[in-house]
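Asks: Protein chains in written order, with my numbering: chain A, 274 to 367; chain B, 274 to 367; chain C, 274 to 367; chain D, 274 to 367; chain E, 274 to 367; chain F, 274 to 367; chain G, 274 to 367; chain H, 274 to 367; chain I, 274 to 367; chain J, 274 to 367.
In short, the hints are calculated from the structure, not lab data. Some hints here could point you the wrong way.
[To be verified] Here are the simulated DSSO-like pairs of lysine-lysine, each with C-alpha atoms no more than 30 Å apart in a straight line:
no., chain 1, residue 1, chain 2, residue 2
1, F, LYS312, F, LYS301
2, J, LYS312, H, LYS312
3, A, LYS312, A, LYS301
4, C, LYS297, E, LYS301
5, C, LYS312, A, LYS312
6, I, LYS312, I, LYS297
7, D, LYS297, D, LYS312
8, A, LYS297, D, LYS297
9, G, LYS312, F, LYS312
10, I, LYS312, F, LYS301
[Claimed, not checked] From the derived model, a few chain C residues whose C-beta atoms are all more than 12 Å from chain B:
no., residue
11, ALA299
12, LEU307
13, MET341
14, HIS360
[As the list claims (entries may be wrong)] Quick look at which bits of chain A chain B covers, simulated, 3 or more residues with Cβ under 8 Å:
no., region
15, 298 to 309
16, 314 to 327
17, 330 to 343
Please read all numbers here as calculations on a predicted model, not as lab measurements. Cβ coordinates follow ideal geometry from the N, Cα and C atoms, glycine included.
Number of protein chains: 10
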Amino acid sequence: MLFMVHMDVQVPHDFDAAEFAQLKAAEKIQAEELQRSGKWRHLWRIVGQYANVSIFDVNDPAELHDIMMSLPLFPFMTIEVTALCRHPSAINQK
Amino acid sequence: MLFMVHMDVQVPHDFDAAEFAQLKAAEKIQAEELQRSGKWRHLWRIVGQYANVSIFDVNDPAELHDIMMSLPLFPFMTIEVTALCRHPSAINQK
Amino acid sequence: MLFMVHMDVQVPHDFDAAEFAQLKAAEKIQAEELQRSGKWRHLWRIVGQYANVSIFDVNDPAELHDIMMSLPLFPFMTIEVTALCRHPSAINQK
Amino acid sequence: MLFMVHMDVQVPHDFDAAEFAQLKAAEKIQAEELQRSGKWRHLWRIVGQYANVSIFDVNDPAELHDIMMSLPLFPFMTIEVTALCRHPSAINQK
Amino acid sequence: MLFMVHMDVQVPHDFDAAEFAQLKAAEKIQAEELQRSGKWRHLWRIVGQYANVSIFDVNDPAELHDIMMSLPLFPFMTIEVTALCRHPSAINQK
Amino acid sequence: MLFMVHMDVQVPHDFDAAEFAQLKAAEKIQAEELQRSGKWRHLWRIVGQYANVSIFDVNDPAELHDIMMSLPLFPFMTIEVTALCRHPSAINQK
Amino acid sequence: MLFMVHMDVQVPHDFDAAEFAQLKAAEKIQAEELQRSGKWRHLWRIVGQYANVSIFDVNDPAELHDIMMSLPLFPFMTIEVTALCRHPSAINQK
Amino acid sequence: MLFMVHMDVQVPHDFDAAEFAQLKAAEKIQAEELQRSGKWRHLWRIVGQYANVSIFDVNDPAELHDIMMSLPLFPFMTIEVTALCRHPSAINQK
Amino acid sequence: MLFMVHMDVQVPHDFDAAEFAQLKAAEKIQAEELQRSGKWRHLWRIVGQYANVSIFDVNDPAELHDIMMSLPLFPFMTIEVTALCRHPSAINQK
Amino acid sequence: MLFMVHMDVQVPHDFDAAEFAQLKAAEKIQAEELQRSGKWRHLWRIVGQYANVSIFDVNDPAELHDIMMSLPLFPFMTIEVTALCRHPSAINQK
Numbered sequence: 274m275l276f277m278v279h280m281d282v283q284v285p286h287d288f289d290a291a292e293f294a295q296l297k298a299a300e301k302i303q304a305e306e307l308q309r310s311g312k313w314r315h316l317w318r319i320v321g322q323y324a325n326v327s328i329f330d331v332n333d334p335a336e337l338h339d340i341m342m343s344l345p346l347f348p349f350m351t352i353e354v355t356a357l358c359r360h361p362s363a364i365n366q367k
Numbered sequence: 274m275l276f277m278v279h280m281d282v283q284v285p286h287d288f289d290a291a292e293f294a295q296l297k298a299a300e301k302i303q304a305e306e307l308q309r310s311g312k313w314r315h316l317w318r319i320v321g322q323y324a325n326v327s328i329f330d331v332n333d334p335a336e337l338h339d340i341m342m343s344l345p346l347f348p349f350m351t352i353e354v355t356a357l358c359r360h361p362s363a364i365n366q367k
Numbered sequence: 274m275l276f277m278v279h280m281d282v283q284v285p286h287d288f289d290a291a292e293f294a295q296l297k298a299a300e301k302i303q304a305e306e307l308q309r310s311g312k313w314r315h316l317w318r319i320v321g322q323y324a325n326v327s328i329f330d331v332n333d334p335a336e337l338h339d340i341m342m343s344l345p346l347f348p349f350m351t352i353e354v355t356a357l358c359r360h361p362s363a364i365n366q367k
Numbered sequence: 274m275l276f277m278v279h280m281d282v283q284v285p286h287d288f289d290a291a292e293f294a295q296l297k298a299a300e301k302i303q304a305e306e307l308q309r310s311g312k313w314r315h316l317w318r319i320v321g322q323y324a325n326v327s328i329f330d331v332n333d334p335a336e337l338h339d340i341m342m343s344l345p346l347f348p349f350m351t352i353e354v355t356a357l358c359r360h361p362s363a364i365n366q367k
Numbered sequence: 274m275l276f277m278v279h280m281d282v283q284v285p286h287d288f289d290a291a292e293f294a295q296l297k298a299a300e301k302i303q304a305e306e307l308q309r310s311g312k313w314r315h316l317w318r319i320v321g322q323y324a325n326v327s328i329f330d331v332n333d334p335a336e337l338h339d340i341m342m343s344l345p346l347f348p349f350m351t352i353e354v355t356a357l358c359r360h361p362s363a364i365n366q367k
Numbered sequence: 274m275l276f277m278v279h280m281d282v283q284v285p286h287d288f289d290a291a292e293f294a295q296l297k298a299a300e301k302i303q304a305e306e307l308q309r310s311g312k313w314r315h316l317w318r319i320v321g322q323y324a325n326v327s328i329f330d331v332n333d334p335a336e337l338h339d340i341m342m343s344l345p346l347f348p349f350m351t352i353e354v355t356a357l358c359r360h361p362s363a364i365n366q367k
Numbered sequence: 274m275l276f277m278v279h280m281d282v283q284v285p286h287d288f289d290a291a292e293f294a295q296l297k298a299a300e301k302i303q304a305e306e307l308q309r310s311g312k313w314r315h316l317w318r319i320v321g322q323y324a325n326v327s328i329f330d331v332n333d334p335a336e337l338h339d340i341m342m343s344l345p346l347f348p349f350m351t352i353e354v355t356a357l358c359r360h361p362s363a364i365n366q367k
Numbered sequence: 274m275l276f277m278v279h280m281d282v283q284v285p286h287d288f289d290a291a292e293f294a295q296l297k298a299a300e301k302i303q304a305e306e307l308q309r310s311g312k313w314r315h316l317w318r319i320v321g322q323y324a325n326v327s328i329f330d331v332n333d334p335a336e337l338h339d340i341m342m343s344l345p346l347f348p349f350m351t352i353e354v355t356a357l358c359r360h361p362s363a364i365n366q367k
Numbered sequence: 274m275l276f277m278v279h280m281d282v283q284v285p286h287d288f289d290a291a292e293f294a295q296l297k298a299a300e301k302i303q304a305e306e307l308q309r310s311g312k313w314r315h316l317w318r319i320v321g322q323y324a325n326v327s328i329f330d331v332n333d334p335a336e337l338h339d340i341m342m343s344l345p346l347f348p349f350m351t352i353e354v355t356a357l358c359r360h361p362s363a364i365n366q367k
Numbered sequence: 274m275l276f277m278v279h280m281d282v283q284v285p286h287d288f289d290a291a292e293f294a295q296l297k298a299a300e301k302i303q304a305e306e307l308q309r310s311g312k313w314r315h316l317w318r319i320v321g322q323y324a325n326v327s328i329f330d331v332n333d334p335a336e337l338h339d340i341m342m343s344l345p346l347f348p349f350m351t352i353e354v355t356a357l358c359r360h361p362s363a364i365n366q367k
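Next comes chain A alone, as it looks inside the complex (with noise of 0.2 Å):
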C-alpha cells in the first residue's frame, strides 16, 4: 500500500558538521538500499529546499513507522504521511 512522505531537514547551526556529514552518507546508502528492495518507490527533490517527497509502498503503516525511524536522518526531520489510494481515473493498477 501506499504512503506519500513529505520529509523537510533542519541542521541546527551548532550541530558538528563531520558527524553530520556521516549521518547523511548512512543516509544515502539506507535510503537507496530502500529504493532497491521496492519499499521507496519514488524519492523526489523539492526544487530550492532541503526537504523531499516521496512514495513508500509498504505492508502496512507499521512497517512505513519502523523505516521511517530508521533513517539516520529521523531526528532532523519534520515528517508528514498521506495515505494514498487508487484513483478511479488512473490507467496503472497501482
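Once you have looked at the hints, place chains B, C, D, E, F, G, H, I and J on chain A.
Replies: Frame of chain A, contents of chains B, C, D, E, F, G, H, I and J only:
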C-alpha cells in the same frame, strides 16, 4: 521536468448534479489521455478526501498550466504546484 | 490496520431540512453497521461541535476510502486521516 | 469521562542522550501503569512521527492534568486536549 | 468542572431577518436560564465581534455538549471548547 | 474593565532549574497578591499545558500592561490579550 | 484609551448593489461624525484591499463595542481589536 | 517605487458567465494599458492557479490603491501588497 | 507616505543582559529622534506584549527600510510592513 | 523558464559575526554573477525584513535547485519557490 500537483475538489451543494456528472466524466477521459501521453505520470487518490496528488512530466511550466486550465473540473479545484528535481540519493534517473 | 479519522460536518443553511434528516438517519444506520462489523472501532463526539473523531480498523487504505465515500454525509464533511501503528509502550497488541 | 490527547515530542539536539534515555524508560513504565489502571485507555503511535494520540478515561479534567504533568517527558511535549462524549450513533456505551 | 467555550456567530446575508430575531430572542432566554442554574458561570462579549467567551460549570463533558447543541444559534456558531482545571496559584477553590 | 489574557509558558531546556524555581515562586506570590487586590479576577489552568487563561479587571489597558510586564515569568511567556465587555444576555452586571 | 481596529469588508456577490451603496453612504457619514467627536482618531485605507486600520480613543471597551456594532457595514466586516498603551519611548503623552 | 502584488481570483459558481467574460475582457484591456504606461511593470501567471504575481512601479501607495480599485475583477480578487526596495546586491538601479 | 509597521521583539534567554540593556537604550534614543523628525509618526505598545505598532511617514519605501535596518534591536525583531493610503471617509488629509 | 523565489534569512544570535560577514560577502559576489549571467533576473529587498523576492530564469527546475544550494547563505534561509508562466494579458513575451 517534474511537478507535484495537489488538487482538492469542492462541489457547491446547489450545483446541478447531472451537469457535474458530465464534467466528471469528461475529466476522467482527459485524465486518462494525459496519462497515456506520459504527461500525467502518476495520479493517486488521497484517502478520505475528494482530492488527489499527482506527478506531471511536462516540457515547461507553461505546459503544466495549460493542462490544468483545460481540466473540466478546474473551476472546482484548489490547486498547489510544487517543482521537483532529482534527489541525490535517488537511484533512478528521474 | 488502524487509522484515526476526524470528520467535521457543515450543513449549508439553505439545504432542505427534511432531506438532511434522511441523510442523517441513513448515516446512523451505516455507522452502526460498520461498528458491528468491527471496521469502525471507535466513534466519539467532539464536545461542542458537529464533528467526531473515529478509529477505523481496515484491511488497507483503499477500504477506508471506500467506507468514507459511502457515508451519506460525505459531501458535507471535511475529513482528515491519520495513519496509526502500535506504540512501543502500549500494553495491548493493537 | 473521555479526553483525546495529542502528544508531540521534541528533543533538543544538545540534550544529553543518556539522560533522555532514562526519562524515556521512566515514561514507558508510567505509561504502562496508567494503561493497566484503565486511566490511559488507548495509546497509538502516529506513523512517521515521534508523537502519539491517546484516549484517557479520567474522573475529571484535573486528574488528566495531573497525569500529564507527571509524565517524565512532559517538558519535551506539545500537548493538545480534546474533550469527547458519546456519539449518538455509537453502539457502545462509551 | 469548568470549560472555556469560545462561540463565534456567523449569519448568512440571505437568512430571513425575522426568523433570526426569533432565534436570537430564544437564545437570550436560554442563556439567562443556564446562567441562573449556575451551569453557564460567565458570559462575556468579545469587543468588536459577534462572539463571546464563556465559562461553563458542568457535571461532565456530555452535559456541556447537550447544552451547546440545545442553543438556538448553534447552527450559526463556530465553537471551540477548552478544558480547565484549578491553577496552583489560584486563591479560590474553583 | 475586563480583559481575557492567555499566557503560555515555555522554559528553555538549558535554563538553570534553581533559578527558574525562584522565578516561579515569586510569580506565585505576585499572582496571589493580584488576585487578592481584585485585579486578577480569575486564573485557570489549561488542562495538559503549562498555560493559563485569566480574566483581569483593571482601570485601563496601561495598568494591564504594567501588571503583565511585572510578572517574573513574563520573559518566558507568549501572551495574548482580548478585550471583553458586558454581553447583552449576561445576567450579572460584569 | 486607545485600541487599534482592523476592519475587512466582504460583500457577497449577490447582495443588492443599491442597498449596499446606501449602507456605504451611511457608514461614511457615521465614520466622519465619529472622527469629529475624537472617538475615531485615525482611519487609514490598507493599500489594495477593501479594508482599513483605525485607532479609536474611547472611555472603555464597551464604548468601542457599541461603536463597532452601530456601523452600517458591521455585518459585512471581519474585525480584530488590539488594546494599545503608551510606549516607553513615545515622545507624546498618548 | 515598487510593490509586489499577489492577486487571486475567485469566481462564484452561480455568477453569470457572459457578465464575467465582459469583466475579464475589460480587465485585459486595462492591464495592457497599465503595462504600456509603465505602471504595471511585470505580470506573471502562477502555474496551476487563477492568480498572478505582479510588480507595480507607482508614484506612491495611493496610486497603487487607485489602480487596484479600478480593475474590473477587483471584487473577485484577494489581494496582498508587499513593499519592495533596492537590494544591496542588485546590479540594476531598480 | 504612510506605512504601518508591527515590530515584535524576541530576546534569546542566553543573551547577555548588559549588552541587551545597551541596545535597548540606544533604540530608545533613536526612536525618539525619529519621532522628533516626523518620520516615526506614531508609536504604541501592544498591551501584554514586547511588541509595538507604529506609523511611519517616509519619502519612499527605501527610506523606511533604511530606518528599520538602523534600529539597534532590528536583529531581535520580527517585522511586518503594511502600506497605507488615505481612506475616502477620513476627514484629515493624511 | 521563470520561478519566483522568496528567501528569508535568519541568523542565530550566537553565530560568529566575522564568519557571517564573510558568507554575506561571498553571497553578494555570487548574486551579482548570477544576475550578470541572466539567471537571476530580478532581486528585490522586502521592506523592513532581511528577506528578498527574486525572479529566476533557468533552463529547468534542477538548475534552480543547484543555484539555491550553492548560495553561501542557503543554510540560513527559508525558501519558497513558485513556478510562473506567461500571463495571457502580459504584453511582453516573458
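Asks: Now tell me, hint by hint, if it's right for this structure.
Replies: Outcome of the hint check:
1. Of the pairs offered as hints, the one joining F:LYS312 and F:LYS301 holds, with about 15 Å between alpha carbons and a cut-off of 30 Å not exceeded.
2. Taking the CA atoms of J:LYS312 and H:LYS312, the gap is near 25 Å; set against the 30 Å cutoff, the hint holds.
3. Taking the CA atoms of A:LYS312 and A:LYS301, the gap is near 15 Å; set against the 30 Å cutoff, the hint holds.
4. Between C:LYS297 and E:LYS301 the alpha-carbon distance is near 29 Å, which keeps this suggested pair within the 30 Å criterion.
5. Of the supplied pair hints, the one linking C:LYS312 and A:LYS312 holds, its CA atoms being roughly 27 Å apart against a limit of 30 Å.
6. At most 30 Å may separate the alpha-carbon atoms for a hinted pair to count; I:LYS312 and I:LYS297 meet this at roughly 20 Å.
7. Taken as a hint, the D:LYS297 and D:LYS312 pair is honoured in the structure, with Cα atoms around 20 Å apart against an allowance of 30 Å.
8. For the proposed pair A:LYS297 and D:LYS297, the alpha carbon gap of about 26 Å is at most 30 Å, so the pair holds.
9. Straight-line distance between C-alpha atoms of G:LYS312 and F:LYS312 comes to about 27 Å, which keeps the hinted pair within the 30 Å bound.
10. Of the supplied pair hints, the one linking I:LYS312 and F:LYS301 is violated, its CA atoms being roughly 43 Å apart against a limit of 30 Å.
11. No beta-carbon of chain B comes within 12 Å of the beta-carbon of C:ALA299; the shortest separation is about 17 Å.
12. No Cβ of chain B approaches the Cβ of C:LEU307 within 12 Å, the least distance being about 14 Å, so the stated non-interface status holds.
13. The Cβ of C:MET341 sits about 5 Å from the closest Cβ of chain B, inside the 12 Å cut-off, so the non-interface label is violated.
14. No Cβ of chain B approaches the Cβ of C:HIS360 within 12 Å, the least distance being about 21 Å, so the stated non-interface status holds.
15. Counting residues of the region 298 to 309 of chain A whose CB falls under 8 Å from any CB of chain B gives 6; the rule of at least 3 is met.
16. Counting residues of the region 314 to 327 of chain A whose beta-carbon sits less than 8 Å from any beta-carbon of chain B gives 9, enough to reach three: the coverage restraint holds.
17. For the region 330 to 343 of chain A, the stated coverage by chain B is not satisfied: 0 residues place a CB nearer than 8 Å to a CB of that chain, which falls below the threshold of 3.
In this structure, the hints that do not hold are numbers 10, 13, 17, in rising order.
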